[in-house]
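Assemble chain Z onto chain A, guided by the hints.
Here are the chains, one letter per residue:
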Amino acid sequence: MSSSKRKNLTPVQQQYQDFARAREPQRPIAINCVRAFIVGGIICTIGQGLQLFFITYFNFDEKTAGDPTVAVLILISVILTSLGLYDHIAQWGGAGSAVPVTGFANTITSASLDHKSEGFVLGVGGNMFKIAGPVIVFGVFSAFIVAIVKVIITSLGGM
Amino acid sequence: MLQGHQTWVFQSKPTIIGSAAIGGPFEAQGNLADDFDLLHGDIWLGQDSYEQAEKKLLEQACETAIKKAGLKQEDVQFFLSGDLINQIIPSSFTARTLAVPYLGIYGACSSSMEGLALASLIIDSGFAQNALVGTSSHNAAAEKQYRYPTEYGAQKPPTAQWTVTGAGAAVIAKQGKGPRVAASTIGRVVDMGLSDPFNMGAAMAPAAVDTIEAHFRDLNICPSYYDLITTGDLGKVGHRIAGDLLTKHGLSIPVEKLTDCGILMYKEDQPVFAGASGCACVATTTFGHLLNRMRRGELNRILVIATGALLSPMSYQQKETIPCVAHAVAIEM
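Chains A and Z, in that order, are what the protein sequence lines are.
What the first sequence shows, in the working numbering, is residues 1 to 159, in sequence order.
What the second sequence shows, in the working numbering, is residues 160 to 492, in sequence order.
Chain A with its partners taken away, still in its complex shape:
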């Protein structure tokens, strides 16, 4: 807990939280990192394999092969989510399965499935970007800021 948050606590609360923390199992960070590396690595290797496949057997070059690769990864992820398998990979792999594009596809699919009972418009439509929405909003926003910074630097004669 951050020190500013801790300041708002009474001494009794602080004392209890120390007492409790000594008795809580910690997140196994080292193991989680290794697992994230393995799962993330496997997903990226599959992606790399797909890219090579599209370059070798279809009329794609290194730049254009990205689109079909991502599309196939998303499709695989959506199928795994729909079969109820992706959450098991996510619990085991942690960040390794959350960070790649497959994690993004999973959040949209699972939120859609969860809220299907509230109808297609307000349920699926209104909730499918529950987790993915903020990622898009802040992703686009930070890209915009970076682009402006780049424009300013180039117009000032840099780069």
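Don't read these hints as lab results, they were simulated from the structure.
We put the CB at the ideal spot given by N, CA and C, even for glycine.
You may find that some hints are simply not true.
Below are the DSSO-like pairs computed for lysine-lysine, each with C-alpha atoms no more than 27 Å apart in a straight line [said to hold, decoys possible]:
| no. | chain 1 | residue 1 | chain 2 | residue 2 |
| --- | --- | --- | --- | --- |
| 1 | Z | Lys226 | Z | Lys172 |
| 2 | Z | Lys227 | Z | Lys336 |
| 3 | A | Lys116 | Z | Lys303 |
| 4 | Z | Lys303 | Z | Lys315 |
| 5 | Z | Lys315 | A | Lys130 |
| 6 | Z | Lys303 | Z | Lys478 |
| 7 | Z | Lys226 | Z | Lys333 |
| 8 | A | Lys63 | A | Lys150 |
| 9 | A | Lys130 | Z | Lys478 |
| 10 | Z | Lys333 | Z | Lys227 |
| 11 | Z | Lys303 | A | Lys130 |
| 12 | Z | Lys315 | A | Lys116 |
| 13 | Z | Lys478 | A | Lys7 |
| 14 | Z | Lys426 | Z | Lys303 |
| 15 | A | Lys7 | Z | Lys407 |
Residues of chain Z placed beyond 12 Å of chain A at every Cβ, according to the derived structure [unchecked claim]:
| no. | residue |
| --- | --- |
| 16 | Gln236 |
| 17 | Leu262 |
| 18 | Ile264 |
| 19 | Asp377 |
| 20 | Leu378 |
| 21 | Val396 |
Below, chain Z without anything else, positioned relative to chain A:
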């Protein structure tokens, strides 16, 4: 009759004449499978939504409890119920089906013992001959409402708990055969400043300890009076903290006597992190497993302390801490 600060002693000792526990597929693989009246293989229960499935669980629990009590639906005088869904719809919709006078209650996972205490109060004071209490929870419905489910791709920490899919109900009456409600301690809300919804055990443990201490202080008895003292859904983490906290406060309860419904529910190899939680955790364990053991004569006096975390998804996002409450009910054979 009020004794001490916050404990009700029921002179007439209202009797639990019938009780039932209904569970889902995960509970069927658990430790207490034999004590459920009905176990479902599908979390949807053939319904269109998780919320409707939860209502179905509660309806079945009520129906079974009424039947086991030897009553008919129209004989029930009052129905008290609570659950975790917004505006307690499974409870209210079940009350619609039952069509009996109804009081909806909310104490998060402490609802079952809150209901049992209030029902006993109604019977003991002579305002009714019988009353039905019920509570339910549904893993997927609770995850959807409260948390950031693993299905969305987030990894849960080892302190997280698994919400029980199930429902428990009991019929309390002035006369009859069965375990009897002797006393009840109504808890204060305790907030130790914890705000992590993935660590409910640590947040709720102080509330449980506060109520346990109040119970023994008010009644002037010691833990050896009971054969079993069980907290609601603290899980492994909260159970350990509560035990150590009680020892620290000078109220030692022997290890074999103090347990937790969240630990009893599932088997060691089930992937439930720190243990079970949810309204149905303490409800199904008490109204199924524990009352069955009492009826078999294995236990004579038990104290059940149901713990509830009174947070909402909004309060969590607004960075509020988690206030918790615990209500204790003493049941004797």
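Hint by hint, where does the structure go against what was stated? Just the numbers, ascending. 21
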